[in-house]
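*Asks:* So the chains spell out like this:
Number of protein chains: 4
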Amino acid sequence: MNAAVRAVARMAFARHWEAVGIEAGYRGLLEGQFQPLSNRMVGGILQRGGTVLGTARSTEFATPEGQERAARKLEKAGVEGLVVIGGEGSLTGALRLQERGVKVVGIPATIDNDVWGTDTAIGVDTALNTALEAIDRIKDTASSHQRAHVVEVMGRRCGYLALMSAIAGGAEAVLVPEFEPRREEIMRAFQKSWEQGKPHFIVVVAEGAPLSAEEFHEFVNEAGGGVESRITVLGHVQRGGSPTAFDRILASRMGTAAVKALSEGASGMMIGLQGRRMELLPLSEVVGRSHPLDPDIYEMAEVLAGFPEEVSYR
Amino acid sequence: MNAAVRAVARMAFARHWEAVGIEAGYRGLLEGQFQPLSNRMVGGILQRGGTVLGTARSTEFATPEGQERAARKLEKAGVEGLVVIGGEGSLTGALRLQERGVKVVGIPATIDNDVWGTDTAIGVDTALNTALEAIDRIKDTASSHQRAHVVEVMGRRCGYLALMSAIAGGAEAVLVPEFEPRREEIMRAFQKSWEQGKPHFIVVVAEGAPLSAEEFHEFVNEAGGGVESRITVLGHVQRGGSPTAFDRILASRMGTAAVKALSEGASGMMIGLQGRRMELLPLSEVVGRSHPLDPDIYEMAEVLAGFPEEVSYR
Amino acid sequence: MNAAVRAVARMAFARHWEAVGIEAGYRGLLEGQFQPLSNRMVGGILQRGGTVLGTARSTEFATPEGQERAARKLEKAGVEGLVVIGGEGSLTGALRLQERGVKVVGIPATIDNDVWGTDTAIGVDTALNTALEAIDRIKDTASSHQRAHVVEVMGRRCGYLALMSAIAGGAEAVLVPEFEPRREEIMRAFQKSWEQGKPHFIVVVAEGAPLSAEEFHEFVNEAGGGVESRITVLGHVQRGGSPTAFDRILASRMGTAAVKALSEGASGMMIGLQGRRMELLPLSEVVGRSHPLDPDIYEMAEVLAGFPEEVSYR
Amino acid sequence: MNAAVRAVARMAFARHWEAVGIEAGYRGLLEGQFQPLSNRMVGGILQRGGTVLGTARSTEFATPEGQERAARKLEKAGVEGLVVIGGEGSLTGALRLQERGVKVVGIPATIDNDVWGTDTAIGVDTALNTALEAIDRIKDTASSHQRAHVVEVMGRRCGYLALMSAIAGGAEAVLVPEFEPRREEIMRAFQKSWEQGKPHFIVVVAEGAPLSAEEFHEFVNEAGGGVESRITVLGHVQRGGSPTAFDRILASRMGTAAVKALSEGASGMMIGLQGRRMELLPLSEVVGRSHPLDPDIYEMAEVLAGFPEEVSYR
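Chains as they are written, first to last, in my numbering: chain V, 1 to 314; chain A, 1 to 314; chain U, 1 to 314; chain Y, 1 to 314.
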């Protein structure tokens with residue numbers, strides 16, 4: 001996200017505008033935590049993980065009154081255009097502000113990659129590589145034939161991160177919120193995998209999967225027969241780390257595009273990546289919809305796991 | 001590339017086909033270096049850098065006679081469909097084979113990212129992150145106000161890697177083959193950067209830039225006034241390293257899509273990424289064209305460097 | 001460990017000896033899984049995580065009969081000298097074999113770093129850097145003032161990895177098997193940390209700590225007051241990954257030193273790193289003892305956390 | 001280095017002392033660039049590469065008058081104890097200040113690892129891992145049999161970094177300032193390496209080696225026979241990057257030990273790592289001496305390269 005903040009600020013300066021950062025999200029907006037940005041201040045933040053502006057949840061902003069108050073706050077502060085960087089919740093907030101007269105452009109940033117209207121969102125690529133690194137490391141030592149490794153990755157409602165890290169890491173199975181696995185078949189796949197002499201059995205599980213990481217872990221450990229399961233819970237490790245090149249470039253392009261859009265009079269729009277290009281879409285079309293997981297890619301994950309065809313837990 | 005080989009093989013096995021790897025590219029094809037692939041063999045290659053099949057140049061294959069002989073070689077070996085993974089040269093070869101009756105599908109893989117018809121090619125993302133890591137490290141210590149750091153990255157004809165790593169790394173300037181910089185202006189930008197109190201001046205230079213890394217390096221060192229320049233030449237460091245999540249997923253998707261295309265009777269086509277989807281394009285449209293560098297992104301790089309507007313070397 | 005295998009083999013070849021790898025540890029030894037090693041075979045293993053020879057537990061080898069049979073197996077195979085690479089268990093086994101007439105030299109390799117007689121063991125540095133990377137990433141986003149982050153790292157009996165990664169990562173607290181923390185004080189430290197305005201509270205917990213990661217996690221979540229805890233369980237992630245420079249150099253030096261020791265007639269000895277030098281110690285002195293955690297370093301961890309002096313959970 | 005600054009500050013606060021950072025080294029000392037440090041300020045610097053205090057060379061401080069003026073400056077500022085972090089030059093400066101009545105303790109920090117009296121210095125491990133990563137990446141693609149890869153690493157007078165990264169990376173040869181290689185033999189080793197079918201030939205060259213990276217590069221390219229050489233010059237990449245666990249722990253221990261030493265009345269001493277312990281040595285013994293490269297390790301590098309015994313360039 002820092003790369004987007006820097007891009008917005010530098011693009012604003014290039015247009016002789018002032019730039020102000022709002023700390024701690026909508027809560028900070030309501031509390032008036034405005035921080036004027038300078039060219040120098042945004043100079044060293046590009047490679048840092050997290051966000052220098054901070055994030056926070058606001059219950060007040062969830063109400064129409066809170067939204068109204070936020071809009072007035074911006075007006076009083078003389079803010080002529082607002083760039084909102086965030087996921088579904090933040091973008092919905094942006095739409096609410098636009099409805100109250102604020103000129104606003106949204107930038108999608110969420111590791112779930114479920115924002116409609118963009119190929120991908122800021123943060124996805126970095127989180128994916130972090131999860132992948134963990135899977136790669138587990139694979140290095142996962143040479144005992146009677147051991148399953150369960151890796152829990154983020155994703156309460158969306159299995160994108162789990163599915164993609166499973167494919168990139170060469171996991172044997174993946175469990176996501178969007179699809180209900182056949183439990184017995186998963187266990188059969190696991191057993192088949194020993195008979196094939198596979199050196200490992202790695203299952204990537206999204207937080208919100210119907211069969212949770214903890215459940216699968218216990219399921220294997222209780223199955224008997226000398227079989228063991230080991231668990232890894234990545235947690236907030238996935239939210240940090242210096243951003244990848246892809247994320248920094250995406251954020252830089254989206255940030256500059258947002259300022260350009262504002263300067264051309266756009267409002268109530270979101271910047272989306274479509275192919276090689278940045279496009280503008282109405283926030284009203286984006287909010288309330290979400291990009292579903294591609295079932296073909298879910299199927300591909302199983303093909304790539306290399307099981308014989310009678311094995312399928314889908 | 002290994003991820004693509006694995007995906008092609010596993011997708012083939014899922015269709016009850018046999019899969020054979022050809023080692024050392026077109027030279028290996030002419031020399032008959034065919035290696036039958038098994039499910040197990042492709043199991044551990046996903047996270048490895050480089051390519052297990054090797055690469056090589058072939059002068060013989062560049063001739064019509066060589067191409068004819070290669071086509072016959074494939075015929076005799078009973079190869080019913082060929083997947084070619086590579087850049088402009090490899091894809092041109094694929095087209096030549098198709099013209100000689102070989103069923104062939106191409107997959108774009110080159111760190112230059114200049115293949116027409118695809119948003120990106122296998123290898124670009126990994127090389128970009130490697131170059132970025134080097135720039136990040138230089139930035140950490142680049143705190144002496146009178147020092148320029150020159151980083152040479154790959155790209156003889158194409159500045160994509162240089163431009164994108166400069167943006168991602170927050171470099172002050174970038175020199176690419178596609179655009180001729182104004183030499184005096186670059187030096188002025190460098191001097192301006194001290195006056196502004198910038199803690200570093202990093203220039204990313206593509207191998208084929210009109211002003212080479214070595215030339216700029218000497219230019220600064222000879223300018224006098226206690227100014228020094230330090231040089232980093234990344235060389236083949238950029239071609240290795242465990243592939244990123246993006247590259248592994250892209251390769252997995254392209255590899256399975258190529259086998260699917262062959263099974264549906266396609267030939268003389270290339271798999272291209274367009275937005276979130278894989279598309280098929282005729283190789284004849286791809287070969288001979290190349291994806292040019294986007295001048296808007298070149299301009300954005302300068303905006304993001306944060307110079308006052310009278311400074312521009314473009 | 002691969003670096004040690006390569007060093008043993010190459011040093012043996014330099015002495016015109018043959019080298020044989022025993023797969024799957026003592027179990028493989030009893031089952032006769034001997035694999036002749038060649039110069040080429042050990043060429044590409046240096047940068048790989050895990051061990052190409054595999055590991056396994058053997059209940060048979062734990063008995064005197066098993067040990068006797070293993071000794072005879074080596075004799076029949078014509079093995080004139082054995083290098084054993086591993087932790088306390090493996091080194092004890094080495095001593096048992098020596099007592100049965102096998103010429104043996106041990107090399108300490110365990111991520112617990114509790115082997116007596118050596119400054120450090122193979123694997124410690126790599127595991128430490130992996131744990132550190134996770135902590136660094138958590139720190140990037142750990143900016144919510146009312147959240148604790150609990151990170152479970154390996155160490156059932158030994159807190160070395162937890163303590164050192166806590167220091168390297170700048171964690172606020174660390175829980176290890178060797179010391180009983182004062183539970184109320186830990187919670188007070190946590191509360192104090194918000195009052196001080198600390199942007200994060202990270203606790204590193206060894207698997208075998210008296211207050212487990214799960215317990216501390218629940219303790220915080222149940223404390224009320226809007227406080228949340230997030231958990232990360234690193235698990236086997238810590239056992240993999242390409243080894244660090246330190247580990248590869250250590251393994252290379254220990255491997256060559258072991259062959260040199262055998263060639264000079266040593267047996268029943270272990271190679272230990274002491275300062276800049278490799279030393280030989282009797283296995284009988286090493287086995288049964290262990291290197292205790294340094295209480296001064298445990299104290300230092302608390303000093304470095306930067307709490308006011310009335311805060312201490314030790 | 002930041003880890004050492006943080007440790008010194010936090011250990012000082014634990015003793016109810018104030019802590020002041022001096023920016024830009026001895027030059028900053030002469031110019032009075034004193035920056036009071038707070039608990040919070042040193043909180044986020046642990047994982048950052050480079051040094052927050054900056055470095056600079058000072059010609060004035062090299063003179064007795066400059067040293068005298070520096071000592072008075074410290075006196076006037078009420079500095080009761082000084083911790084100097086740096087290499088040979090900085091430690092010599094520390095001794096000069098001590099001779100002028102300043103209470104001073106030194107901490108060795110240099111990527112050359114040539115400081116006498118300590119097993120290793122701050123920064124060595126991080127630089128080593130950076131160089132190693134580059135070599136690993138080159139190895140991934142170094143599969144063309146008639147290509148040499150030359151990697152230049154830092155070390156004008158000292159070959160430690162080159163030697164150790166060559167061993168860790170499995171390079172075929174290493175050229176260091178301390179030993180004169182036999183030029184024809186190096187070329188023979190290179191040719192022998194193809195005949196053996198080795199997939200790569202990597203030479204690590206220290207900046208100050210008698211045969212420079214550029215010279216070896218040209219030597220190979222001019223040798224004819226289709227042989228090519230590729231060069232990588234790492235430059236300042238080696239000075240940056242988030243410090244490794246080893247370096248952060250070393251710096252933390254040395255920083256706290258330095259404050260402890262000052263509080264116990266020590267002066268004119270250096271903290272050295274010896275085995276698992278921190279020791280105090282007189283700066284007068286350290287300055288003017290240097291830790292030589294171990295010829296046994298230089299020899300080991302050649303053994304590990306796995307050449308037949310008639311090949312030796314030493």
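Calculated from the structure, these hints are not laboratory results.
Among these hints, one or two may not hold up.
It does not matter which identical chain is meant; a pair holds if it fits inside one copy or across any two.
Stated by the list, open to error - In silico SDA-like cross-links for lysine to any residue, where the CA-CA straight-line distance does not exceed 20 Å:
| id | residue 1 | residue 2 |
| --- | --- | --- |
| 1 | Lys198 | Gly78 |
| 2 | Lys103 | Ile45 |
| 3 | Lys260 | His291 |
| 4 | Lys198 | Gly54 |
| 5 | Lys76 | Gln191 |
| 6 | Lys103 | Phe34 |
| 7 | Lys192 | Arg40 |
| 8 | Lys103 | Gln191 |
| 9 | Lys198 | Pro308 |
| 10 | Lys260 | Val52 |
| 11 | Lys198 | Glu215 |
| 12 | Lys198 | Glu80 |
| 13 | Lys103 | Gly28 |
| 14 | Lys103 | Pro308 |
| 15 | Lys198 | Thr63 |
| 16 | Lys198 | Pro282 |
| 17 | Lys192 | Phe13 |
| 18 | Lys198 | Glu228 |
| 19 | Lys76 | Val52 |
| 20 | Lys260 | Trp17 |
| 21 | Lys76 | Gly87 |
| 22 | Lys73 | Ser290 |
| 23 | Lys103 | Glu214 |
| 24 | Lys260 | Arg147 |
| 25 | Lys198 | Ala24 |
*Asks:* Each hint needs a verdict: does it hold in this structure or not?
*Replies:* Do the hints match the structure? See the list:
1. In this homomeric assembly, Lys198 and Gly78 never come within 20 Å of each other (Cα to Cα): the closest approach is 63 Å inside a single copy and 30 Å across copies.
2. Neither within a single protomer nor between protomers do Lys103 and Ile45 lie at most 20 Å apart by alpha-carbon distance, with minima of 26 Å and 38 Å respectively.
3. Taking identical chains as interchangeable, the C-alpha atoms of Lys260 and His291 are never at most 20 Å apart, the minima being 26 Å within one chain and 25 Å between chains.
4. Taking the shortest alpha-carbon separations for Lys198 and Gly54, only the inter-copy value of 14 Å comes in at or below 20 Å, while the best intra-copy value is 45 Å.
5. For the identical chains of this complex, Lys76 and Gln191 are neighbours neither inside a copy (65 Å) nor across copies (37 Å), given an alpha-carbon limit of 20 Å.
6. In this assembly of identical chains, the alpha carbons of Lys103 and Phe34 lie at most 20 Å apart only when taken from the same copy (17 Å versus 46 Å across copies).
7. Taking identical chains as interchangeable, the C-alpha atoms of Lys192 and Arg40 lie at most 20 Å apart only when they sit on different chains, with a minimum of 14 Å there against 59 Å within one chain.
8. Taking identical chains as interchangeable, the C-alpha atoms of Lys103 and Gln191 are never at most 20 Å apart, the minima being 58 Å within one chain and 39 Å between chains.
9. For a Cα distance limit of 20 Å, the shortest separation of Lys198 from Pro308 inside one copy, 12 Å, qualifies, whereas the shortest one across copies, 37 Å, does not.
10. For the homomeric pair Lys260 and Val52, neither the shortest alpha-carbon distance inside one copy (23 Å) nor that between copies (35 Å) is at most 20 Å.
11. Neither within a single protomer nor between protomers do Lys198 and Glu215 lie at most 20 Å apart by alpha-carbon distance, with minima of 23 Å and 36 Å respectively.
12. Taking the shortest Cα distances, Lys198 and Glu80 never come within 20 Å of each other, neither inside one copy (60 Å) nor across copies (29 Å).
13. For the identical chains of this complex, Lys103 and Gly28 are intra-copy neighbours only, at 18 Å inside a copy versus 48 Å across copies, given an alpha-carbon limit of 20 Å.
14. Taking CA atoms no more than 20 Å apart as the test, Lys103 paired with Pro308 passes in neither setting, with 56 Å inside one copy and 27 Å between copies.
15. Taking CA atoms no more than 20 Å apart as the test, Lys198 paired with Thr63 passes in neither setting, with 54 Å inside one copy and 30 Å between copies.
16. Neither within a single protomer nor between protomers do Lys198 and Pro282 lie at most 20 Å apart by alpha-carbon distance, with minima of 49 Å and 39 Å respectively.
17. In this homomeric assembly, Lys192 and Phe13 come within 20 Å of each other (Cα to Cα) only across copies, at 17 Å, whereas the closest approach inside a single copy is 61 Å.
18. Taking CA atoms no more than 20 Å apart as the test, Lys198 paired with Glu228 passes inside one copy only; the shortest distance there is 15 Å, against 40 Å between copies.
19. Taking the shortest Cα distances, Lys76 and Val52 never come within 20 Å of each other, neither inside one copy (24 Å) nor across copies (38 Å).
20. Proximity of Lys260 to Trp17 under the C-alpha cut-off of 20 Å is restricted to the intra-copy arrangement: shortest distance 12 Å within a copy versus 52 Å between copies.
21. Taking the shortest Cα distances, Lys76 and Gly87 never come within 20 Å of each other, neither inside one copy (26 Å) nor across copies (55 Å).
22. Taking identical chains as interchangeable, the C-alpha atoms of Lys73 and Ser290 are never at most 20 Å apart, the minima being 30 Å within one chain and 50 Å between chains.
23. Taking the closest pair of Cα atoms, Lys103 and Glu214 never come within 20 Å of each other, the shortest separation being 46 Å inside a single copy and 46 Å across copies.
24. When the C-alpha separation of Lys260 and Arg147 is checked against a cutoff of 20 Å, the pair qualifies neither within a copy, at 54 Å, nor between copies, at 34 Å.
25. Taking the closest pair of Cα atoms, Lys198 and Ala24 come within 20 Å of each other only across two copies (16 Å); inside a single copy the shortest separation is 48 Å, beyond that limit.
Against the hints set out earlier in the document, violations occur for numbers 1, 2, 3, 5, 8, 10, 11, 12, 14, 15, 16, 19, 21, 22, 23 and 24.
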